[in-house]
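A.B. asks: Residue numbers (the numbering used here), protein chains in the order written: chain A, 1 to 368; chain B, 1 to 368; chain C, 1 to 368; chain D, 1 to 368.
Please keep in mind that the hints were generated in silico from the structure rather than gathered at the bench. Honestly, I wouldn't trust all of these hints.
Pairs involving identical chains hold if they fit within one copy or between any two copies, as the list cannot separate such chains.
Calculated cross-link-like contacts (lysine-lysine; reagent style DSS-like; alpha-carbon spacing at most 30 Å) [stated by the list, open to error]:
id : residue 1 : residue 2
1  : 188       : 212
2  : 188       : 164
3  : 212       : 168
4  : 123       : 364
5  : 212       : 364
6  : 164       : 32
7  : 164       : 364
8  : 123       : 363
4 protein chains.
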Amino acid sequence: MIVILEPQLDGDSSQTAAVLQHLRSVAGITPKIHQVTGEQQVLTEIYLVGNTAGLDRAEIEALPGVNRVVKVSRAYAVLGRHTGDSRSYGFTYNGVTFNQDNFNLFAGLCAVDTRAHVEQMMKAVADMGLNCTRMGAYKPRTNPYSFQGHGAECLPWVFELAGKYGIKVIAMEITHDTHIAQINAALKDSGNPTGVMLQIGTRNTQNFELLKACGRQNDHPVLLKRGFGITLEESLNAAEYLASEGNRKVIFCLRGMKTNMGDPHRNFVDFSHVPVIKRMTHMPVCIDPSHSVGTRARAPDGLLDVFHATAQGIIAGANMVLIDFHPNPASALVDGPQALTMDELVHYVEDIDIARQAYLARKKRAAE
Amino acid sequence: MIVILEPQLDGDSSQTAAVLQHLRSVAGITPKIHQVTGEQQVLTEIYLVGNTAGLDRAEIEALPGVNRVVKVSRAYAVLGRHTGDSRSYGFTYNGVTFNQDNFNLFAGLCAVDTRAHVEQMMKAVADMGLNCTRMGAYKPRTNPYSFQGHGAECLPWVFELAGKYGIKVIAMEITHDTHIAQINAALKDSGNPTGVMLQIGTRNTQNFELLKACGRQNDHPVLLKRGFGITLEESLNAAEYLASEGNRKVIFCLRGMKTNMGDPHRNFVDFSHVPVIKRMTHMPVCIDPSHSVGTRARAPDGLLDVFHATAQGIIAGANMVLIDFHPNPASALVDGPQALTMDELVHYVEDIDIARQAYLARKKRAAE
Amino acid sequence: MIVILEPQLDGDSSQTAAVLQHLRSVAGITPKIHQVTGEQQVLTEIYLVGNTAGLDRAEIEALPGVNRVVKVSRAYAVLGRHTGDSRSYGFTYNGVTFNQDNFNLFAGLCAVDTRAHVEQMMKAVADMGLNCTRMGAYKPRTNPYSFQGHGAECLPWVFELAGKYGIKVIAMEITHDTHIAQINAALKDSGNPTGVMLQIGTRNTQNFELLKACGRQNDHPVLLKRGFGITLEESLNAAEYLASEGNRKVIFCLRGMKTNMGDPHRNFVDFSHVPVIKRMTHMPVCIDPSHSVGTRARAPDGLLDVFHATAQGIIAGANMVLIDFHPNPASALVDGPQALTMDELVHYVEDIDIARQAYLARKKRAAE
Amino acid sequence: MIVILEPQLDGDSSQTAAVLQHLRSVAGITPKIHQVTGEQQVLTEIYLVGNTAGLDRAEIEALPGVNRVVKVSRAYAVLGRHTGDSRSYGFTYNGVTFNQDNFNLFAGLCAVDTRAHVEQMMKAVADMGLNCTRMGAYKPRTNPYSFQGHGAECLPWVFELAGKYGIKVIAMEITHDTHIAQINAALKDSGNPTGVMLQIGTRNTQNFELLKACGRQNDHPVLLKRGFGITLEESLNAAEYLASEGNRKVIFCLRGMKTNMGDPHRNFVDFSHVPVIKRMTHMPVCIDPSHSVGTRARAPDGLLDVFHATAQGIIAGANMVLIDFHPNPASALVDGPQALTMDELVHYVEDIDIARQAYLARKKRAAE
C-alpha cells in the first residue's frame, strides 16, 4: 500500500510526522518514506510494508496531509507496472539518461588489471564517442584461490582515467556494503571525475543485506543481474528490495541461466525475456552477452555468437549492453576467453547499430 | 567411417558388391549405402556403422572400386561440418530450396480442424505470395483424453486445397511410420498437388524407430524438432539417425526448452542456438516461436512476444519459421491461445522482413 | 467420465451395444470399453474420451443397463486415486503379483549380448531364489552408430533359458509396436516358458503411438519409465494413455531426471517421488538405480552409490527395482561402467533386505 | 599448495615470519596461515592462494622451518579428500561432536516468533533427550514486504531459554557479517548459556564476503547450505571459502534444488548426494527435509513425505538433520505449511531411529 501525501508536504513537515506516527502505531506495519522528484515538484510517498491486509484505506485517506492511498496488488509495488499507473519512468545520472526507450553501451574490462589496459580501454570507448564503460574492481570468484580483484586500491586511478577520457558512468560490481563507502570516498578524493553504477552480480541477487544497502543510498543507480538458479519472479522481487528501501534508479540485467540445456554456451541465453521485463516493470533492461555466451565461437556467416546474442537482445528492445573487451585476452585475469579484442570494437558498435535501427523500425511499424 | 567409391560405380555394380561383401565380413560393422546426387554425377558412399576402431583404412582403400576413405571423428558423420569437408549443402524439394543461407516462412494451422479454416489459411498465405504452410493432421497430446487430430481422413481435402492455392510444401507432424504411407497414398490419390515436409515433434525426438522410418524414405524432407529434455548434442545425434539411414534432407527446428526458468513463457526460448546449429552441422535451422513463447502477451512497445522471439531468431540467421495462425483462435482445438489471427499476418510478414534485412546487412558487414 | 454398466452385462450384450450407440452419437466423444476382472465378477466400464463437458449425467444414468456414472475430475481417470475410489489395485501376471504393498527385484542384463552371459545371469538370479529379471533385446541408443541390440533374433533362446531357470517375468524394453508381435510370436513358438513385462524407456515416454499399442493389448503388463525432460504430471498422463486404451497392468518407474544439477551422478536421482506416485495413483512404483546413478563410485563407508540409491528408494516404499548386472562389465556392449558384477549380487540382495525391513518397520510404526 | 611447518613452530615464531616473508615476495601469491589443533600438537600450515603454477616446490621445502610441501591438485584444498590424505576429520563444539560417522538431530523453529513457542520447542527437544535445535532470528525473504525475522533483539531471551533447557548448539541463519558480532555479544552478555552454529542459506551460498567473514572466525562452526541454482562443485568451492580463511568446522547441508522437475515437492530432493559429499570431502553431511519437500503431503502408507525424505537421507549416511517444527503451524510467520507439529516429534525421532539403525546395519554388512 502506498500513501501519497499532498504535493506541498515534504518528509520533514509536522503533518508528515503525524501521518507517520499514526502508521507506526499499527501492529505489523513498517512505513518507509520515499521522495519522488518530478519535473514540477517533489512528491512524498509512504510505503507500508508488512501485514497491510487489515488496514482501513478510507481511514488513512482521511488523515490530514494525505492526498490518496494506492492499493498495490502485485508483488513489485514500486517497480512494477500497475493498472492505471502513471508514475514517471527512467532517470538521469551524471548526465546519462536510462529508460525503457533509449540505449546505452557499456563496453569495458571484466576486471581491472593494469593501468595501461584500463587507459587503452577507456580511450577506445571515448574514440567511439561513447561515455560509459564497465570496470570490475571487486570480483566474486567461484574458487577461493582465484584472483579476487584489485579492490579499493585501484579505484583512485581508475576514476582519474575515467575523468581524463570523459567517461560519465562506470558499471562496477560490488559484493559488500562497505564497497559503497569505498567508492564514495575514492570519488570524493578524486574530485568526482566520473559516476558509478553499482552492479550486483548473479551470485548476490538474493543477498538481501547487500540489496538493502544499495537501496538505502540514492547517490548511484544500481544494476541488478538476474539470479541464475531462481525464477524470473524471484529476481524481480530482489529488484523490488532495492526500490522498497528508497532507490528507484534500478536497471535489470539478463545474463543467461545456468543449465546444461544451454551448452555449448556457458549459460542459457535468456534475452527473449527483454520484452517480459519491460511489460512487468518500469526498469530499463540490460543484457550481458559476454557471460551468457561465454565463448568466442563463430558462425559460418562470420559473426561471433556474442555478436548474434547482442543483436537478439537489441532487436527485441534492450536498453543497455554490458560487454567485455580486453586489449590482450590471453593475459586477462578473469574471463579472458570470452572477451572481445580492441580491434573488434568498431565492428561491434556497427553491428549493434544495425540491430538497434531494426528495432526502431519494428517499433514504428507496430505503432502504425 | 565413410568409404567413397569411384564416381562411375553405382550401388548395383559388381565391384560395389565385392566391397560390400568384404565390409560385411568384418565383425561388429554394418555397411550402409548412400547415393549422393550432385550436379555432374552420382556418388556412391558406404557408411560403416558400429565398431570401426579396428578397421584398417589403407586395406579398405586398396579394394578395387574404392576412391578414398574418410575418417569421421565427430558424432554427426553425415550432417556434421567436418574439417576440410566440401560436400554440398541444402536441397530443393517440390521447387522450394532449403539451405543455411535462404529463408522460408511456414505460417499455418497448428491442427487441421474445419475445411473452411484450412481454406481461409491457405488463401491468406497465397495472398502474401508465400508457398509453404503448416497443417497438423496427427496431434500428439499430453492428455489421452484431448483431441488427437483428424488423422488420415483429412489429408485428401487438405492436399486438394493446397493445390488450389499453389502451396508447394506443407509441414505436417507425424507420430508413427504408418503415417508416411498414409500421406504418400493421399498425395498419389489426389494427383500430387503439393509436397509434404515430415515433421517430428519434441516428444518423438528420440523415437528412433520413427526417425529410422523417415530416414529410409527419400521422398520427403524431414523437420526434426529439438527434444525438450535432452542436450543439444543428443538432439543433433537424433538428426543424424535420419541421415544415417539415407535421408539428408533434414531441417533442425528450435522450439524452446522445458524449464520453469523460462516462465512466464511456455518454454525457455533457445534461439541463441541458431548460429550454433549452423556451425556444427549443415542443416538449415528453423525456429518455432509459437510453441516457444506460448502466449499472446505484448510488450509496451506494442509488439507481441511472439514477434520479438521471431525477430531474434531471424536476426541471428534462422532459415525457416513455423508459426501458428488461426482464423478464430477461441475455437481452435489445439493451442488456440498462442495463435496469431489472420489480420496479424501482414504485420508479421513485414516485421520478419525488417529482421531478415538486418541479418543480411550484418552478414554483409561481417564479410567486409 | 466413466459409465459403469450393470454387473451382469458384458461387452457383447445388446444393452451394451445400445448404450454405446447412444454415446457414439454425441459429437466430440469417443467411448472406450474396459473389462475389469474382479474376484467375484467382471465389470464392464465405458470411458468417455473427448469433450465431456456438455454431457448430461442423469440422462446417461437413465439408459437401460447403466449402473452409475462417475465424473472424473482429475487427469488420471483410470490410474489416479480419486476421492471415494474403491476400485481394486494391483495385478498378478504369470504367477507374480505386483501392487503398491509388495516388492519384486529385477536384476539382469541391460542388453542381451551372448548366450553365456544370459545363462550366467539367469542362473545367478535363480540361485538367489528370485524369479524375475531384465533383458534388453531392443536398445534405443543416442548415437545411431552404436550397438542397437540383437532384436527379435535373440528372443527364442532368451525365452528358452528363462524357462530353464524358472524365470517368470522378464522386463524387456520395446521401441516399436511391431516388437509386441515379435515377442508374442517368440513366446508362442517356444511354448510360453516365461512372461514378458513390456518396458517403455524414457525417450519414448511420450511416444503416444507406442503407448496406445501397449495399452490395446492385455497380454502383458507395461513398465513405463518417467520421461526425463517433462514434469511428473506429464509422465503420469503418459501412463494414463496405457490405461485409457484398456490395459491397467501398469507399473511406473523412476529413473532419474536429466540435469547437470545431479552431477556427478549420470542423472538426478528422483526417488523422493516414490511416495508421491503412490499417493497420486494406484500404480506400483519401480526404481531404476543403475541409470539414475550411472557410476560405480563408492562412499567412504564402503557402499556403492548404487546401493545407497536403491536403499533410499526402498525405505520410502518402492515396489520394484530394475538393476543392471553383468558377468563382465568391461565387455558389456551397453552401459557396462554402471553394471554391478555377479559377485556383488548376494550383497546387493542382503542390502535391499535391510532397507525393506526398515520400510516395513516404519510402516508398522506409522499405523500404531 | 600447502606449506606445512615443523611441529614446534607456531604462527609467531621468527622462522615462520621468514617463510612468510619469502612467500609474500612471490608475485601473484597470497599466503594464509592456518593453525591445526590435533590431540598431541598444534600444526602450522601456510596455504598459498593464487597463481601457484610457477612455484618451485623444492625451493620452498628447503626453507628453514618448512617440514614439507603438499601439492593440492583438486579445488577443495582444505576440505577435500586427497589421495594419501591422513588429516584428522570432524570436530567437537560446546560438547557436541560432528563428523562423518555420527548423527545429530536439530529439530526447532524455522523462525523465532514468540517466547512461548521458543520455550515450548526447546522443552520438547530436551524432553526427547536431545541437545541441539534450530532457531531463525534473521530471515532472508524473497519478497521485501514479508516478515524479516526478529533479528538481534530476540537473541538474549532465546539464548537464556537454551541454557534453561540444556541446549548445547543452536543452528541459526545469518545473512550479514555483523550478525556474528551480534550473536557473540548476546552470548557473552547472557553468560554463554549455549553455542551457535552459524548457518548460511541457499541464497547466500556464493555470498563470498559472508563466507570469508564466517571463515575468519573460529568461535563457531558453520553450516553451509547448497546453492539452489549451481552445480555441486560450485557449492563445494563455496565451502572451501570458509576453510581457506581458517575455519575447518564446516558442515555441508543438502536442501533440494530449485526446478519444476521436483514438483509437487517444493524443491527437487537431492539426498542421493549424501554419499557423494562424503566421498569428495571431509565434511559431515546435513539434510534439510523441511525445505526440500515443503509440504505436509502423506503417502497411502500413512507416512508424510517429509518422514520419507528424512529416512532416505539417513539410510544413506546423513550425519545431521535440520527439521522445522512449530507448536501452531497455522500461526507461524515463516514456512508454517511445511512444519511438523509438536505431537509428531516422538514419532519423527522413532522413525529416524529405524532408518539410522538400518544404515548402521548396512555399513556393518559392507565391512564384512
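A.B. asks: So, for every hint listed, does it hold in this structure?
C.D. replies: Comparing the hints with the structure gives:
1. 188 with 212: both (23 Å within a copy, 28 Å between copies)
2. 188 with 164: within (16 Å within a copy, 52 Å between copies)
3. 212 with 168: within (25 Å within a copy, 33 Å between copies)
4. 123 with 364: between (35 Å within a copy, 28 Å between copies)
5. 212 with 364: neither (39 Å within a copy, 48 Å between copies)
6. 164 with 32: neither (40 Å within a copy, 38 Å between copies)
7. 164 with 364: Classified as neither; 39 Å inside a copy, 36 Å across copies.
8. 123 with 363: Only across copies: residue 123 and residue 363 sit 28 Å apart there, 34 Å inside one copy, limit 30 Å.
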